[in-house]
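Please build the complete structure, drawing on both the sequences and the hints.
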Amino acid sequence: MRDDRHNIIDEDAALVAAWRRGEISSFEALVRKYQKRMLNIAFRITDDYEDACEVTQDAFVAAYKGIDSFRGAARFSTWLTSITLNLSRNRHQQVQTKRRKEHSYGGPTGGENPAFVPERPAPGPSALEQLERRVVHERLLQCIKALSVEFREAIVLRDLQDYSYGEICAILNIREGTIKSRLFRARDMVKDCLKRGLGEI
Amino acid sequence: MEHADIRRKLAAYLDNAVSDEEKEEIKRHLGRCGGCRGEIADLELTVRFLKSLPEVEPPPWLAEKIMANVRDEAAQKRNLWRRLFFPIHVKLPIVALAMLFLCVTGYYLTRMISEQPPVARAPEVPQKIQEKAPSHTESYPLPTSAASRPQAGGAPRKMDAPQSADLPSPPPAPNGTPNQKETSPHPAKTSPVRKMVVPELRPTDEGLMTDFDKANPVFEEKPASAVKRGRKGQAEESLRDTESPEAVSARKEEIALAVDDPAAATGAIEEAVTRFGGRINGHSYSGESHLLFIRISAPNYPRLLDRLGRIGTIQERPQIPPGTVGMIDLVIRW
Numbered sequence: 001m002r003d004d005r006h007n008i009i010d011e012d013a014a015l016v017a018a019w020r021r022g023e024i025s026s027f028e029a030l031v032r033k034y035q036k037r038m039l040n041i042a043f044r045i046t047d048d049y050e051d052a053c054e055v056t057q058d059a060f061v062a063a064y065k066g067i068d069s070f071r072g073a074a075r076f077s078t079w080l081t082s083i084t085l086n087l088s089r090n091r092h093q094q095v096q097t098k099r100r101k102e103h104s105y106g107g108p109t110g111g112e113n114p115a116f117v118p119e120r121p122a123p124g125p126s127a128l129e130q131l132e133r134r135v136v137h138e139r140l141l142q143c144i145k146a147l148s149v150e151f152r153e154a155i156v157l158r159d160l161q162d163y164s165y166g167e168i169c170a171i172l173n174i175r176e177g178t179i180k181s182r183l184f185r186a187r188d189m190v191k192d193c194l195k196r197g198l199g200e201i
Numbered sequence: 001m002e003h004a005d006i007r008r009k010l011a012a013y014l015d016n017a018v019s020d021e022e023k024e025e026i027k028r029h030l031g032r033c034g035g036c037r038g039e040i041a042d043l044e045l046t047v048r049f050l051k052s053l054p055e056v057e058p059p060p061w062l063a064e065k066i067m068a069n070v071r072d073e074a075a076q077k078r079n080l081w082r083r084l085f086f087p088i089h090v091k092l093p094i095v096a097l098a099m100l101f102l103c104v105t106g107y108y109l110t111r112m113i114s115e116q117p118p119v120a121r122a123p124e125v126p127q128k129i130q131e132k133a134p135s136h137t138e139s140y141p142l143p144t145s146a147a148s149r150p151q152a153g154g155a156p157r158k159m160d161a162p163q164s165a166d167l168p169s170p171p172p173a174p175n176g177t178p179n180q181k182e183t184s185p186h187p188a189k190t191s192p193v194r195k196m197v198v199p200e201l202r203p204t205d206e207g208l209m210t211d212f213d214k215a216n217p218v219f220e221e222k223p224a225s226a227v228k229r230g231r232k233g234q235a236e237e238s239l240r241d242t243e244s245p246e247a248v249s250a251r252k253e254e255i256a257l258a259v260d261d262p263a264a265a266t267g268a269i270e271e272a273v274t275r276f277g278g279r280i281n282g283h284s285y286s287g288e289s290h291l292l293f294i295r296i297s298a299p300n301y302p303r304l305l306d307r308l309g310r311i312g313t314i315q316e317r318p319q320i321p322p323g324t325v326g327m328i329d330l331v332i333r334w
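Residue numbers (my numbering), protein chains in the order written: chain V, 1 to 201; chain D, 1 to 334.
Think of the hints as simulated: they come from the structure by calculation, not from any bench.
Some hints here could point you the wrong way.
Below are the SDA-like pairs computed for lysine to any residue, each with C-alpha atoms no more than 25 Å apart in a straight line [claimed, not checked]: (1) K36(V) / A74(D); (2) K65(D) / D47(V); (3) K51(D) / L160(V); (4) K23(D) / C169(V); (5) K65(D) / C169(V); (6) K65(D) / A17(V); (7) K145(V) / K23(D); (8) K36(V) / K65(V); (9) K36(V) / V61(V); (10) K51(D) / A17(V); (11) K51(D) / R196(V); (12) K65(D) / R32(V); (13) K36(V) / R91(V).
Note that the structure is a prediction, hence the values are computed from the model and not measured.
Right under this line is the structure:
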């Protein structure tokens, strides 16, 4: 899982090279290979399926237009993910801003608090094991949704999409220590969120 | 490491993203700290739950829509580049063809300029005609009497190439071909004009030539330079002699024009003829006498006379009955 950023073997190098030569079918192969992953990343960040589809389209088109800026310093998937993540973040912020404006005109609607601060969890991790998987998933989604974007990104990239620390550093353009710290806090918050729900059951 | 530091590293420990030294230290701490053991168990379970989250499936149209957008982008980009630069496999043949075209055009232009004959260089005449033309008809008879012309006294003719080449550039010679009505400003055009005289040769003219030659025995004494001239040139000139003014005047009406500078007036006269729809059938520019054989419609004849009157003084003019229609043949002499 660890990734040596200075010794990258990109499995997509051949397709990317063919695409650079103008073979559009190579790019199509990359689209079909990565559309699901990019859609899921966008979906977990924007929390809206339609928005996620649009973001995924925009990400691939942006990648196509910006292929000259891809120097091969990272894997193609890493580069594509960073594009998708940036677009998803922008879309999420636009939606948040729009919601805030709507709330300011229509008053608070009692939605989820974006600045989620988990309470101290009740002791007893064994209670988590008792949850039905479906219930856990619903609760988990709520917990992820409650995270701020930077923690959500860390969770999505590491735990949902299984990117290595090195790849996450490249995608988010931050140091590994920061990644570890964010990931610890993000997991801790999700864990507390789950336990809080379970503890009250 | 302190307990708090250990806890902060538990997530990385789960991912095996800590150094071996840290790993050993965390292991030792977990052995003696029940809180951290519970913490790491919860984290492990949380991560397991997170990893088990189902993924959403892309809609079936997503890839197609992406590719449609990408193809639009590619088309725009290609059009932009195509405007600026063709791809090399297209550009090379185009450049090669352009170069070839330039080379061929340049070659023919150069050749045309280099082949430009001196003013009076004799053009080639078919061998058959050469045989018919006697060499002693080299001299060019003029419509006026031989006594009135200084070159008629036996001196080598000015059609002789070496002499003519030293002459200043002559006025633009008319193109004798019926299809080329415009006068050519280039001396090179003189060559085709003379060639056009050749087909006008008629067998019956041979008698005239012979009589003329007999009447001018002085021409038989030719200087050595004239003898050395090519037979082709002699033949061509002899053919020109067949269109002698006497013969022509017997068939055509003549306009006699007095001009100050005959050579300079040539262009203006030819231009006047072509302006009024006239056709130049041939010409004979030699020495001080110039002949222009034309065909013009009768209604335009007065206008031509008027124009010629501005160029010089009309001394003789044929009388064309008013109301005459059709084409008339004329000889303009100046």
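Results of checking the hints against the structure:
{"no.": "1", "hint": "K36(V) / A74(D)", "result": "holds (23 Å)"}
{"no.": "2", "hint": "K65(D) / D47(V)", "result": "holds (21 Å)"}
{"no.": "3", "hint": "K51(D) / L160(V)", "result": "holds (5 Å)"}
{"no.": "4", "hint": "K23(D) / C169(V)", "result": "holds (22 Å)"}
{"no.": "5", "hint": "K65(D) / C169(V)", "result": "violated (31 Å)"}
{"no.": "6", "hint": "K65(D) / A17(V)", "result": "holds (23 Å)"}
{"no.": "7", "hint": "K145(V) / K23(D)", "result": "violated (32 Å)"}
{"no.": "8", "hint": "K36(V) / K65(V)", "result": "holds (20 Å)"}
{"no.": "9", "hint": "K36(V) / V61(V)", "result": "holds (15 Å)"}
{"no.": "10", "hint": "K51(D) / A17(V)", "result": "violated (33 Å)"}
{"no.": "11", "hint": "K51(D) / R196(V)", "result": "holds (20 Å)"}
{"no.": "12", "hint": "K65(D) / R32(V)", "result": "holds (12 Å)"}
{"no.": "13", "hint": "K36(V) / R91(V)", "result": "holds (18 Å)"}
The structure is inconsistent with the numbered hints 5, 7, 10, although it conforms to all the rest.
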